[in-house]
Amino acid sequence: MDELNCRAIRQGSAAGDVLKSPVAIGFFGHVDPATGTVLEPGHPLLGQSIAGRVLAFPHAKGSTVGSYVLYALRKNGVAPAAMLLEECETIVAVGAIIADIPTFDHIDLSKLADGDRVIVAGGRVLRDEPLATPKLASVEHREAQISGI
Amino acid sequence: MNLTGEERALLDGADGPGIARAMEILVALGQVFDAPRMVPVLNAQISGISFKNIGQSGLDFLADWADLGARVQVPAYMNPGGVDRELWEDLGISQEFADKQFRVVSTLERMGVTPFLSCTPYHGLTGPEPGQHLAWSESSAVIYANSVLGARTNREGGPSALAAAIAGRTPAYGLHTDAGRLACLRARVKVKNLRDISQFGALGYLAGQRAGSRVVLFENLALPGNQAKRTWALKSLGSAMAAAGAVGLFHIAGMTPEARDPNHLPLAPDAEYIEIDDLEPAYAALGGRSAGEVDLVFIGCPHLSRGELQLLIEALRGRVVKTRLFLTSSQIVRAWARETGALDELFEMGVRLLADTCVVVAPLAEMNIRSVATNSAKAAVYIPSHHGIPVFLGTLDQCLTAAETGQWTS
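From first to last, the protein sequence lines are chains A and B. By our numbering, the letter at position 45 of the first sequence is numbered 45, and the numbering carries on one by one without gaps. By our numbering, the letter at position 406 of the second sequence is numbered 406, and the numbering carries on one by one without gaps.
Just so you know, these hints were derived from the structure itself, not from any lab. Virtual Cβ for every residue (Gly too), placed ideally from N, Cα, C. Careful: at least some of the hints might be erroneous.
[What the hints assert, rightly or not] Pairwise CB distance ranges, derived in the manner of DEER restraints: (1) A/PRO58 to B/PRO384: 51 to 61 Å; (2) B/PRO384 to A/GLY47: 23 to 33 Å; (3) B/GLN95 to A/MET1: 25 to 35 Å; (4) A/ALA34 to B/ASN193: 34 to 44 Å; (5) B/GLU6 to A/ASP128: 38 to 48 Å.
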């Protein structure tokens, strides 16, 4: 189990599988508050649900109303389990507090892949081996680790 | 972040869960932006009022916070909402939307926020004084308070400004600090004879795009001599910068409070230098050089002052208005217009003076508005993206001519 360097924005305990976005996420207008599904045309996560996932993304974009969308996701039971970012800004910081979502930034996203199991507790972020059948990229990554590259 | 004993107690819930939540938000923001401490605020200005923008998610959040017992500790003022409280039925807005809008307003009133419903709290309220700390969230008001009045506020979001009002303080980072107020972009204005209000908006649009979130220092920028027109030019310039970029403060060399002394300009050592010599790209980007039918002419973004309204009435005399023509302002200015007879004069010309609202945040589709002409670059930035309809940016004369003909010709 690896520990990731991070800064806590909102502490808390959670566990879930990583859903990673290589680009910024706009919550207002781009994430359905009822289901947690990403709606933004052309977005790499289009059609996927962020509900219950450990959402890893560089930073948020768009309207500050995005904080309220995170609150609605929580009330509707479809909030992410945790959020991991490179750089937190106002939208996510406020949203994390009001929606009570454990949130950490200054995360090196290159150390995370879709499906990685992540546990957050006591202000720490831990990455476990994936539970699901790993995708090809993850296998290569683990082989690289085994051979010590 | 260093908290006082009192702040620590508030965070831990000594005064109840409403203020504890406010402190949680402020401490998180303070951490994100490396604020060393909190600073007391004189007052707060709260955006995110229109139900069209915040929706049910926002209304639920505000109601839950009010239920926790949250009440403001310092005066706090609402930004415009989606309806004119007196005229909404006339304007074709549905009962359903109006009811939701009134619920947003009454929920905030329950927390002690004043239903000022204007984006220009600096018209009609006293203060702020230079150097005073605020928590304002309407971007055009933020930049006016910082730049023209010399007060200090960051570009807050609706929830963070409300949190500051409830806690009476805000984290001291960014534009609250001396270092955060130095210009990192120096813009020399090489356009001559800026006369029309829309030109100041066009200049602000171009400077804002280049600036991103940086503080800007303008050099060689002359403003109109007439006091009302001068204020209008500053509002137009700043609001466009705040819409095209994320600018919260500009200085004008030799003029604004922190740049009066030309030998001590507030410049960061590594400031970038640019020149702006052509406003055409702004008019072209904001629909000013296209042609089409005009449904609505909209003047009053940001909200008009009394002096601006007088200038408009003079410009309207002798014209026969054919399209819808909306002017927007605060209830204070409309009450004044009613007393002086100006409201009746406007009504007879077919012009509506709206209060509490703004064309940017109103439900235009419900009002059957399909295209807008305006002299406000800020409005021209937001109307196409918020409403999906075309906009035409032009001079006041072009706009009022379009109101007579129903056509935009470039």
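So, going through the hints one by one against the coordinates:
Checked against the hint of 51 to 61 Å, the C-beta distance between A/PRO58 and B/PRO384 comes to roughly 27 Å, which is inconsistent with it. A hinted range of 23 to 33 Å for the beta carbons of B/PRO384 and A/GLY47 is consistent with their spacing of about 27 Å. Separation of B/GLN95 from A/MET1 is about 57 Å and departs from the stated range, judged on CB atoms against 25 to 35 Å. For the pair A/ALA34 and B/ASN193, the beta carbons lie near 54 Å from each other, so the given range of 34 to 44 Å is not met.
Separated by about 42 Å at the C-beta atoms, B/GLU6 and A/ASP128 satisfy the suggested range of 38 to 48 Å.
Hint violations for this structure: numbers 1, 3, 4, all remaining hints satisfied.
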